[in-house]
Every structure is written in structure tokens, then in C-alpha cells.
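Enquirer: Okay, here's what each chain looks like letter by letter:
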Amino acid sequence: MIAFEHVGKRYGGRFDALAHLNFRVERGEMVFLTGHSGAGKSSLLRLIIRLERPSRGRILVAGHDIDRLHHTQVPFYRRQIGVVFQDHQLLFDRSIYHNVALPLEIQGMEPREASRRVRAALDKVGLLHRERALPIELSGGEQQRVGIARAVVNKPALLLADEPTGNLDPQLSADIMSLFEDFNRIGTTVMVASHDLALIARLRHRTLRLHEGRLVADEEAV
Amino acid sequence: MSSQGQERSRRGARTHRASAGGRWRSWGRHHRAMSLDSAQRLLRYPLSSLLTMLAIAIALVLPAGLWLALDGARLLDAELDESATLTAYLADRVDDGEAGRIEEALSAHEGVAETRLITAAEGMAEFQQSLGLEDALARLPGNPLPASVVVTPADTSPESVRRLAGELEAVSGVEEVRLDFAWLERLRHLAELGQRVTLALAVLFGMGVLLVVGNTIRLAVENRRQEIEVVTLIGATHPFVRRPFLYSGAWYGLGGGILACGLLTLGGDWLSGPVSALAASYGASFALPALGFGGSAILLACSTLLGWLGAWIAVSRHLAQIRPR
Ligand SMILES: Nc1ncnc2c1ncn2[C@@H]1O[C@H](COP(=O)(O)OP(=O)(O)OP(=O)(O)O)[C@@H](O)[C@H]1O
Ligand SMILES: [Mg+2]
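Here the protein sequences come in this chain order: A and B. Going by this note's numbering, 72 is the number at position 72 of the first sequence; the sequence numbering is gapless. Here this note's numbering = 1-based position in the second sequence + 1000.
Be aware that a few hints might be false.
[Unchecked claim] To give a feel for the contact side, a few chain B residues facing chain A, derived at Cβ under 7 Å: (1) S1026; (2) N1223; (3) E1227; (4) I1228; (5) A1236; (6) A1297; (7) I1298.
If you are wondering where the hints come from, they were derived from the structure by calculation, not from laboratory data. Quick reminder that beta carbons are idealized off the backbone N, C-alpha and C, glycines included.
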């Protein structure tokens, strides 16, 4: 599903945020991405959704070199990937329902079908009863779950999550991770960036460890 | 993986084809939704929206008003054309009887519609009367004025009048033919100047409208920056992001156009009294032409288009700068 070939990312001409990355993630896999703060986890995910372009090497997603996408194709490429952002990226002037519906609205989905999918996604993250609320009225954990609902509402083949359990309590973190495992079980390829080593260790999935922008360990699930 | 990928894209292609009609429908749906949404956003801040529209209206009123006035001047011009005459001054030695014969000769010319003879004595009387110099002139030893014939040409276009003048000058006994429409030509030059000035003003003020709308939309884009970043992150195309702003621009333009129509109507009413009084004092009947249905439609179409264009420029310039974090 994802293949990094000698990928490097240099910011500002002199600082290598990522270097010599080589790895593959197969379709249907669930992978954790870990490393210290500043190790390059977010940068790696941003490369995959083509928010940034690699300074060297190439990145294949579903067999396509994404650096070769024309800029008008990029939106259509991004629609196939669900992303849970480190800082939620919710719209605070519209309801939970409309936040989750946003990707479908962008694709121009017929409203009745969209509404069915939005409700299914909200139900999955346990927030169906809050659909009319505004994001500001929700707790941090609930906002994070809205972000997850928005990422999966489109049933993407690839789901990326950046620190989805950022500052949540252990119980909530475990709940959210098991949500990702549920999506993985129905065939979604999942990649989760996280610091939470204890939780990662408990979940037993393949783990990529970054250190100062280099891949220092690729541990298969035990 | 690659065979799976191909399978996926084949399936994608099929649903793609099957839903071409659906895509048009969803496109139409988004246009409807965005036109309503942007109108509602304008209504949410009625005062500032009104001020923007007023600024647009003021920029439109001046060129549109001038254009109307020139349109009126063209009508006036046509009316004056018909009063263009030539004056043929006869030689000093010509007496009244001969003058009558010359007048007949002139009126027989095919380019001449009408003639009127002014004998030397009549000319003197008219002159005295118009200048109020009866005493001074009465002291002159003889009448220095020649007899003259006022000729109304059949064809009043400037070239044929000028040609006629040359032909009449060749008639024996005619000393000189004067064209009375030199001032008319001056008026025409003025009108042409006016047209160019109007065009230049229209271009300048049109750019003013672009700037007004562009600035307003720039602020709107800035206010919705986060929203733009988010929808870009999750796969919105540039046209999708642009659309609500283009509609806002078009609404501003339309609103400004409507206000401009209103201002022009009010202004026309306000000026019509003095204008027709002034025209009447020159013996012409002239009324400021109203904008009318066609004129209003053109003005509204132009203003809406300008609003849309201003928004387009502002959004495009700005979108390039907005990159999701
Ligand atoms: N746009 C940018 N310009 C310059 N440097 C950047 C940029 N984005 C990231 N960096 C640098 O790249 C390095 C990796 O950043 P990144 O955000 O990927 O780390 P991270 O592993 O996600 O950290 P955290 O766990 O704190 O989120 C950091 O040193 C950061 O300062
Ligand atoms: Mg990060």
C-alpha cells in the first residue's frame, strides 16, 4: 500500500527532518510509528498525503508515485486517505454533524446517502447523540473522536492518525486504539503515529521507530 | 498490490461513468448551496455589506451617468443637425432685384431645400436690433452690409453641406458662403471628447470596483483561512474553495448595481428640471434620457461580472498563499 524508497526530507536547505527511509506497508496492515518528539513522525505522514514533497527518493501509494501527481489531481488523491490530525482540524463554527459530513460534501455526495454515512460514522465513535453540538461544547477526547469519524466517513482504504491519543486518559486512549483495530479488521490499512510506548507495546502491531529522522527499528508484531 | 490497485481503479472507473449525471447534480447542488450560503453571510452583516455595495454603486454612477448624458447629447446633436444652414453673402454691387434672381437660382440647386433672402436693408435692421447700436450705425454714410441668402440644405451631413457650399460659391453674384455649423462641429468634437473621457472613467472606476470587491473578499478569505486549510487537507479542489467567495463577489456586484440604478434614477429626477429649462433657453427640447430596462440590465450585468471578477482575482491570489499546516 505504501512504499518509501530512499526518502529524505530537508527543511530550509540544511536540516534533514527525514533521511534514508526505506520501508513498505502492505495492504490491510496496521502499523505504529513512534519516536521522540521531533523525530519526524508528523513529517512522514505529511509526505504521504502530499502536504510536503520529499527532497529525495520516491513514495509509492497504491502503486503510484505520488510525486508525479499533477496538482489538480492531489485533492482527488487525498480523498482516498482518511487522516486524523494531531490538532483535530475541526471547524468550530459548524456542528459535529457538519464537520463529519465535510469530506462527503466536498465529494458532492447526495445528501441522503451522506447523512446515512455520517450517522454510521458518529455511531461508531459513540457520538451520535451529540451530532448537533458544536466542537467547542465537546471535551478533548470527544473532539478527537469527531476527527476520527470524519477520517473514516468516506470509508478510505488508508487511514493515517497523528497522535490520536495525544493527551487522553489511558482508558480513552485504549478505546480509541481499539477503534482503529476495528477499522483494520475490516481491511483498512492503518498507520498510527504515537508516543504512547506502553499502549503500543500492549497492542502488538508492527512498529516503525524513528530517531532524528532515521528509521532505527522496524519491529514485527510478536 | 498492483493487481489489487488495478482492480480498484477499474471499479472506480465504472462507478465514475455510471454517476456522470449524479456528478452534474452534485455540482449544481453545491452551486445552489454556495450562492445561498454566501448571500446569508452578506445578510449577517447588513451594514458592512451595504457599505461595500454603496462604494461599488458610487464607482458605477459616475461613468454610467456620463454615458447617459452623452446619449442625450447625441439626440440633441441630431436635432441640431436639422437646423444647420448656410449663408450666401452676395456681392456689394448686387441690387435688390438682382438679389431676388440669385435667390431663385440658388433655390433651383438640387442640394437646396429652402432659401430666405435677407436684403441689405433687412440685414442692417437685424444687425441694429441685435446689437442695440441704432444711433451709432445710423450715423454711417451708407449701408456697409451686403444682401444675403440663408440656405437650408436638403442633406445636412457635414460633408455634403461643405460640398454644397463650394457649389453655391461658384454661382455668379455670390461673394462668399459661410457655414453656420462651425459651432455644431465644435459640439461634436466635445461629444467625442466626452465619449473618450467616459470610456476612460469607466475603465478607471471599473478597476475601482475590482479593488473594492477584491479587498472585501480578501478579508473574507482571511477570516475563513482555517476553514480553507481544513477543506484543502481533506481533498477540496480549488474551484470548490473558490466558489463561495465568487458568489459573494457577484452578490456585492449585483447589490452595488441595483443601488447604482437607484442613484441614477434619483439623480436624473433631480436634474431633469434645470436641464430641460436650460435646453429650452437655447430653443432645444432636451430631456435627460432615463436608464430604462435595457440600460439597467446592462449595468447590473456589468456590475455583477465586475464583482465576480474582483473576487476571482482576490481568491486566486490568496489561495496560492494559503497552505495547510
Ligand atoms: N515546515 C517545517 N519547516 C522547518 N522545519 C520543520 C517543519 N516541519 C517540521 N520541521 C522540523 O522537522 C522535525 C520533525 O518534525 P515533526 O513534526 O515531524 O516531528 P514529530 O515526530 O511529529 O514530533 P511530535 O511528536 O512533537 O509531534 C522537527 O525538528 C521540526 O522542527
Ligand atoms: Mg507530530
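Enquirer: Taking the hints in turn, state whether each one holds.
Expert: Verification of the hints:
Satisfaction of the interface hint for B/S1026 is found here, the shortest Cβ-Cβ separation to chain A being roughly 3 Å, below the 7 Å cut-off. Evaluation of the B/N1223 hint against chain A yields a violated restraint, the C-beta minimum of about 10 Å exceeding 7 Å. Given hint, B/E1227 at the interface with chain A, holds; its Cβ is 6 Å from that chain's nearest Cβ, closer than 7 Å. Annotation: B/I1228 was flagged as interfacial toward chain A, and the flag is violated, the nearest CB pair being 10 Å apart, outside 7 Å.
Contact between B/A1236 and chain A, as hinted, is supported at the beta carbon level, the nearest pair being about 5 Å apart and thus within 7 Å. Checking B/A1297 against chain A by beta carbon gives a least distance of about 33 Å; that is not within 7 Å, so the hint is violated. For B/I1298, the interface hint is violated, the least distance from its beta-carbon to any beta-carbon of chain A being 35 Å, above 7 Å.
The earlier numbered hints that this structure contradicts are 2, 4, 6, 7.
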